[in-house]
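Peer 1: Working from the sequences, and respecting the hints, build out all of it.
The listed protein sequences correspond, in order, to chains A and B.
Read in order, the letters of the first sequence correspond to residues 1 to 308 in full-length UniProt numbering.
Read in order, the letters of the second sequence correspond to residues 1 to 232 in full-length UniProt numbering.
Some hints could be false.
[What the hints assert, rightly or not] Derived list of chain B stretches under chain A, where covered just means 3 residues or more per stretch with a C-beta under 8 angstroms from a C-beta of chain A: (1) 87-98; (2) 101-113.
[Claimed, not checked] From the structure, some residues in chain A lie toward chain B, with a derived Cβ separation under 7 angstroms: (3) GLY176; (4) ALA183; (5) GLU186; (6) ASN187; (7) ARG190; (8) ARG192; (9) MET193; (10) LEU194; (11) GLY195; (12) TYR196; (13) ASP197.
[Claimed, not checked] Have a look at the derived ranges for each label pair, beta carbon to beta carbon: (14) B:HIS190 to A:SER175: 39 to 49 angstroms; (15) B:GLU55 to A:ALA116: 36 to 46 angstroms; (16) A:ALA171 to B:ASP197: 47 to 57 angstroms.
The set of hints was computed from the structure by calculation and includes no laboratory data.
Glycine included, every Cβ here is placed at the ideal spot set by N, Cα and C.
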Amino acid sequence: MKALALHLALIGALLAVQVVLPPYHYTNVARVMVLAVYAMGYNIAFGYTGLLSLGHALFFAAGMYATGLAVHSAPALLALPLGMLAGAAMALAVGLLALRTAGVAFMIVTLMFAQAGYLTILYYGPVTGGDEGFVLAREARMLAGLDLSADGPRYLTALAIFGVALLANLALVRSGFGRVMVAMRENEERSRMLGYDPFRTKLIALTLSGLYSGTAGAAYALMFGYVGASFAAIQYSILPLLWVLLGGAGTVLGPFFGALLMFYLIDLSSSVTDASNLVVGVALLVLVLFAPKGILGTIRERGARWLP
Amino acid sequence: MILEARGLTRHFGGLRAIHAVDFDLTQGEIHALIGPNGAGKTTFVGLLSGRIPVEAGTIRFAGDDITRLPAHRRVRLGIAYTFQITSIYPRLSVHDNLALAVQQRGAADLGRETLAALERVGLAGRAAQEAGTLAYGHQRLLEIAMGLALSPRLLILDEPTQGLANAEIDAFKALVRSVVPETTVLLIEHNMDVVMDLADRITVLNAGEVLASGPPAQIRANEAVQTAYLGG
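Peer 2: Next comes the structure, spelled out in structure tokens:
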């Protein structure tokens, strides 16, 4: 009850805050909310199930390109779910092969798949626009009458997607299946000998993770009107890992706060120095040294044990 | 007969860990598996539980051929296994450890049934404690409780009393007696007092083969067994 109230309060706060946000931050927070959906997806695989993937950009890009390409000839209302499914289907396909491995091998295999995806995008330049990508026309970004190129509808759409994703995430981790995901992370052999199929559990978790990633990629394309190969590159596989670590792996709210903090850390530091990556690096070092469980993980450890 | 193994074989390279073993379990019995170190006891129950793939031979459980079934499917059919080296979820609460077992068996009211499973082994007072911080004996007990919470038809215990104090061993014996005859128990055990006290039948393994099988009195009198154990 307490947990549900807290998560609803965050959604409420994000709804209320838009009346005071200046235009620049209005766009930024909308962007952070979509990226937070991506981070939540990463967290389902990494934080809860213990699957350290280095290839999630492939799932994000699958959603982004599926929606971006479909929207040329189909309404956004159809292209959006197509992108979501593309992310899930890509994760399912990768999972069927990559989940035969574990640990470091899994990291390498997922990385290779993502690199192959990135190179495929570059190779099919006439379709994908290569490394320049392509811009979505304003008419293509009308989602059921909402103009996603305008600040207001964009923010509300981002909030709606974020809210549903957050509450679904909460429901997932409190469900029986959520408990089994954590069990796989904590002790796979024990879980197997309690009758749980490790491969099946991890495949479902990875597919859900891909669904979230694809959703974020699809929404990002429609909201910001641009589809590009840089979103399929290695840094977009690393970023969600950093957001989740910063916010707290295995916490429902962690991905949002991690993404928010990291976004503004880069944003603020790049306004004063060119070495914004250095600032991020130092922040991560501080995190690892003093709060290895991330923001929410530390709060949970220091008393709020009920935090999901 | 709840379980029938025929010609069960598993070699590791040149080592004949288990060789052409025939083995039967009668519904409701407590059956002890004994033998010198390296006799193949853990490998043998690994074959029964599915943790180790069978090389040759067949296993039938409650009439069904389970020789090729993966371990998690066998658990669902009712074969529970507790590890020789305690294997729990050390970072989860005692309650969550047990809830995972209760949930697998299927529960209408997970919270209540988990509590009942905790009470059965006397761990209800420690439900919220992180399992890894329990005393060794309690961790052992928790693992057995997880096996029992699956409501198995066959419970395989691999050296369950290892490292337990005498009072804890008595509690363990009472616990095992309380689950038969609904559950059949297969027990690997080095403590001969426990074996002689609990077992209806004993099978002695030596160098991967069955040396003798029968009721405790018969095994105690068996010359081959004495030779294998005492090196006479």
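Peer 1: None of the hints should be skipped; say for each whether it holds.
Peer 2: Now the hints, each set against the structure:
1. 87-98: holds (count 7)
2. 101-113: Holds, because 4 residues of the region 101-113 of chain B bring their Cβ atoms closer than 8 angstroms to Cβ atoms of chain A.
3. GLY176: At 5 angstroms from the nearest chain B Cβ, GLY176 of chain A passes the 7 angstroms test, so the hint holds.
4. ALA183: holds, 5 angstroms
5. GLU186: holds, 5 angstroms
6. ASN187: Given a least distance of 5 angstroms, the restraint on ASN187 of chain A holds.
7. ARG190: holds, 5 angstroms
8. ARG192: Cβ of ARG192 of chain A sits 5 angstroms from chain B, so the hint holds.
9. MET193: holds, 5 angstroms
10. LEU194: holds, 5 angstroms
11. GLY195: holds, 4 angstroms
12. TYR196: For TYR196 of chain A, the interface hint holds, since the closest Cβ of chain B sits about 6 angstroms away, which is under 7 angstroms.
13. ASP197: holds, 5 angstroms
14. B:HIS190 to A:SER175: 39 to 49 angstroms: Since HIS190 of chain B and SER175 of chain A have Cβ atoms about 42 angstroms apart, the given range 39 to 49 angstroms holds.
15. B:GLU55 to A:ALA116: 36 to 46 angstroms: holds, 38 angstroms
16. A:ALA171 to B:ASP197: 47 to 57 angstroms: holds, 49 angstroms
In this structure, every one of the numbered hints holds.
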